[in-house]
Amino acid sequence: MVTLTIDGVKVQAQEGSTILEVARFYGFNIPTLCYHDELTPYGACRLCMVEVDDGRRTRLVASCLHPAKEGIRVKTHSQRVVEGRKLILELLIARCPNSKTLQDLASQIGLEHVRFKMESKDCILCGLCVRMCAEQMGSGAIGFVGRGQKREVVTPFRVSSDICRNCGACMYICPVVELQCRGVKSPGEVCNSCLVITPQCVEKYDQVMCTLDSCGACVQKEEE
Amino acid sequence: MKKVRTHQELVALRNSLLENRDPNKPCVRVCISTGCRARGSLDVLQAFRDEVTKQGSGTDVDVKQTGCHGFCERGPVVVIGPKEIFYQGVKPSDVPEVVSKILHNWEVVDRLLYVNPATHQKVLCETEVPFYKMQTRRILANNGRIDPTSILDYIAVGGYQALAKAITAMSGENIIDTVEKSGLRGLGGGGFPTGRKWRSCREAKGNLKFVIGNGDEGDPGAFSDRSLMEANPHSILEGMIIGAYAIGVNQGYLYVRTEYPLALKHLQIAIDQAKECGFLGKGILGSKFDLDIKIIRGGGAFVCGESSALVASIEGKVGEPRAKYIHTVEQGLWNKPTNLNNVKTWACVPLIINNGADWYAKIGTAKCKGTAIFSLVGKVNNTGLIEVPMGTPLKQIIYDIGGGILEDKKFKAVQTGGPSGGCIPEELLDLPVDFDKLTEAGSMMGSGGMIVMDEATCMVDVARYFLDFLQYESCGKCAPCREGVKRMLEIVTNITAGRAKKEDLELLQELAEMVKDFSLCGLGRTSPNTVLSTLKYFRDEYQTHVKDKKCSAGICKDLIEYSILEDKCTGCGACLKLCPQQAIQGEPKNPHTIDPSKCIRCGVCRDACPFEAIMVN
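As given, the protein sequences belong to chains A and B, one line each in that order.
The first sequence begins at 1 in this note's numbering and counts up by one.
The second sequence begins at 1001 in this note's numbering and counts up by one.
Simulated from the structure, these hints should not be mistaken for laboratory data.
A portion of the hints provided could be inaccurate.
In silico DSSO-like pairs for lysine-lysine, Cα to Cα no more than 27 Å straight-line [claimed, not checked]:
hint, chain 1, residue 1, chain 2, residue 2
1, B, Lys1317, A, Lys75
2, B, Lys1501, A, Lys86
3, A, Lys150, B, Lys1437
4, B, Lys1437, B, Lys1362
5, A, Lys10, B, Lys1536
6, B, Lys1317, B, Lys1409
7, A, Lys117, B, Lys1549
8, B, Lys1324, A, Lys69
9, B, Lys1324, A, Lys117
10, B, Lys1324, A, Lys86
Note that the coordinates shown come from a computational prediction; the quantities given were computed from them, not determined experimentally.
Only chain A is shown next, with the shape it has when bound in the complex (with noise of 0.2 Å):
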């Protein structure tokens, strides 16, 4: 076991666990987009960064890959760290604004307005379905392709294979495909209104049902 403070809190850890995990277990709350319990954490979107003193300096550490080590100070609500967030959650919205999940998290986290031109892709490359395909279906149907701006997720070759048996678990773990936030109408805006009323279907069915097609319930709310 190892003792480490989070947030001015001593807390015990078993040793070979990260920094996210043994957070998350108290119930600190570190936002994430590209972490998943039961898959590889992959470090990618870096909205989990915290501030970890080791006694010798201060750094940034993404706390989904780093260790918890013995004595070392954590902050995950430091002003650098949630400037940083806010910053990375702007621009991964500019890219796809109709995500529920980061309208959701834009909400939670203060973010208010986008002030970068907007774009209207379908994917924030986090890379949960790519492990998502292989790790837990034990499939590995698609990937990464390309590199910066060109990288994508595909199937090899821009093709449908066998090896793809069409179980839609990449679909189930997208944040941005599965739940279409339809309330942003015009670029440079954050929708927020989905944490202030509540759809009809989850009166009816219990959970969101945008994954299909979205009610529109949020929409209609606003306009009234």
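The hints should help you fit chain B onto chain A, whose structure is shown.
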């Protein structure tokens, strides 16, 4: 080639090589590295070979191909030993005269000598050329002296003696102590203490370990690794073999980009020769130590110079970095302890073993020992490859070695460390160059690129150029680098096009700081350096672009206008004929005018005007 089995056999081999060579025999050394080769040095080499047989007996003058001498600006470079006469810009047509004069009492071909621009006097020897005089050549010392494809040449200048000494007389601990004491730091740009890295790798658990030589130099404007690999591949191999012996490794890899065909060729020849001589393979120099080194060719992704991406690339995966919270020395290639160093760092090792740690640490600054290699390029008179002691002031490099700014223009900035480095302004020219001082100034050592810019450079445009490169080379894995650099480029492009608003500068600064803090790998974390340093030192230039919509350097096409000065224009018509847009009008012998609506600001007219009558506003 007979296998060398002991230290004594190596010494005997060297002695016999030296005995068979007449030190007074003329030896023509022609540089065949990339720079001189592009200027036709292969033809010059062939001409020398032909001419020597034609004019003499063919054996009274040696003709040798060598690697880069460094003074690429003046290529093809030819040095005639043992008098070390330095000829520059040699053409095949000059060769008959050069050879006949060597054969006739060492007369000198005057017109091929270098003229010192300061004193206007001709210089006879390489060592007297100011470009070389101010340098301290250690790693590059044998670059222009030996044939890179001949292991015997390398042995003749004392090659593999350090390896023999290390294997026969030193333990692994001994070697690491020596390297640690020398203060050698990673010359790939990171500056991590080499000895400490080796020790961690030696102490890491596991029997299977690897060493890697990083020759994936991707920075535009940098060619120091390339020159070293092309000119002296055995020095790199020797360093790697010593390192592998000290750490306890039996497999090494050299990662070199495919864009360096000559380096790849020379390294492969060197590896084959070293195997033949028994410096590589099983039972090296009669000991129980085995080592194999393989070359891995990189596909040309800039990010693959980053250690974790390089390791992924060797494993056959996509070249993408991973977080290094668990160090490569513990879990690197195939999750085994791996010691990765730049090829220049490896080439330092034999020097340290041969001459001792104190010799190495004698020059340099308190925390950075030894020498640094820079590819000096841009608007300086003498471009080329230079090696100077750590702590040499920038001013000395640019003015004494580089010979000052081209066409006597005013110095504006120097960018060190490639696209991820920062721009250093004139007021910091006295800065002693080492790892720490450059980082403090907001730049970095990087791969040793040094790009000098004059007053006709627009710093916003420079930032835009490098952001464009970095956007293209970002691997795209982490969001801050992929999205952040793209948006920074968007903002800077808007600024150069006069479309930016005042608040864009703040957003740019905010973005740059976030990308620096939040990116996954070194490439991402250093990518905003150009923006941050230009914002810091040349903020007024950004402001003129944003507020006044003007580019004071006259570079940003959307913000400038060409016009003709009436009093200077003689109506010669030179510009009128060349203008691709027919934007220039005027009668012969009368002042011309430019129609701004047609002008595409290509600058052809300004270059053509013999009277400097074309103005840029």
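Going through the hints against the structure:
Proximity of Lys1317 of chain B to Lys75 of chain A is assessed by CA-CA distance (about 34 Å); at most 27 Å being required, the pair is judged violated. Taking the CA atoms of Lys1501 of chain B and Lys86 of chain A, the gap is near 22 Å; set against the 27 Å cutoff, the hint holds. Taking the CA atoms of Lys150 of chain A and Lys1437 of chain B, the gap is about 37 Å. The hint is violated against a cut of 27 Å. A threshold of 27 Å between alpha carbons decides the hint, and for Lys1437 of chain B with Lys1362 of chain B the separation of about 19 Å falls inside it, so the pair holds.
The hinted pair formed by Lys10 of chain A and Lys1536 of chain B fails the criterion: a straight-line CA distance of about 40 Å is larger than 27 Å. Taking the CA atoms of Lys1317 of chain B and Lys1409 of chain B, the gap is about 48 Å. The hint is violated against a cut of 27 Å. A threshold of 27 Å between alpha carbons decides the hint, and for Lys117 of chain A with Lys1549 of chain B the separation of about 22 Å falls inside it, so the pair holds. For the given pair, Lys1324 of chain B sits about 15 Å from Lys69 of chain A by alpha-carbon distance, which is consistent with the 27 Å threshold.
Annotation: proposed proximity of Lys1324 of chain B to Lys117 of chain A is violated, straight-line Cα distance about 33 Å (limit 27 Å). Taken as a hint, the Lys1324 of chain B and Lys86 of chain A pair is honoured in the structure, with Cα atoms around 25 Å apart against an allowance of 27 Å.
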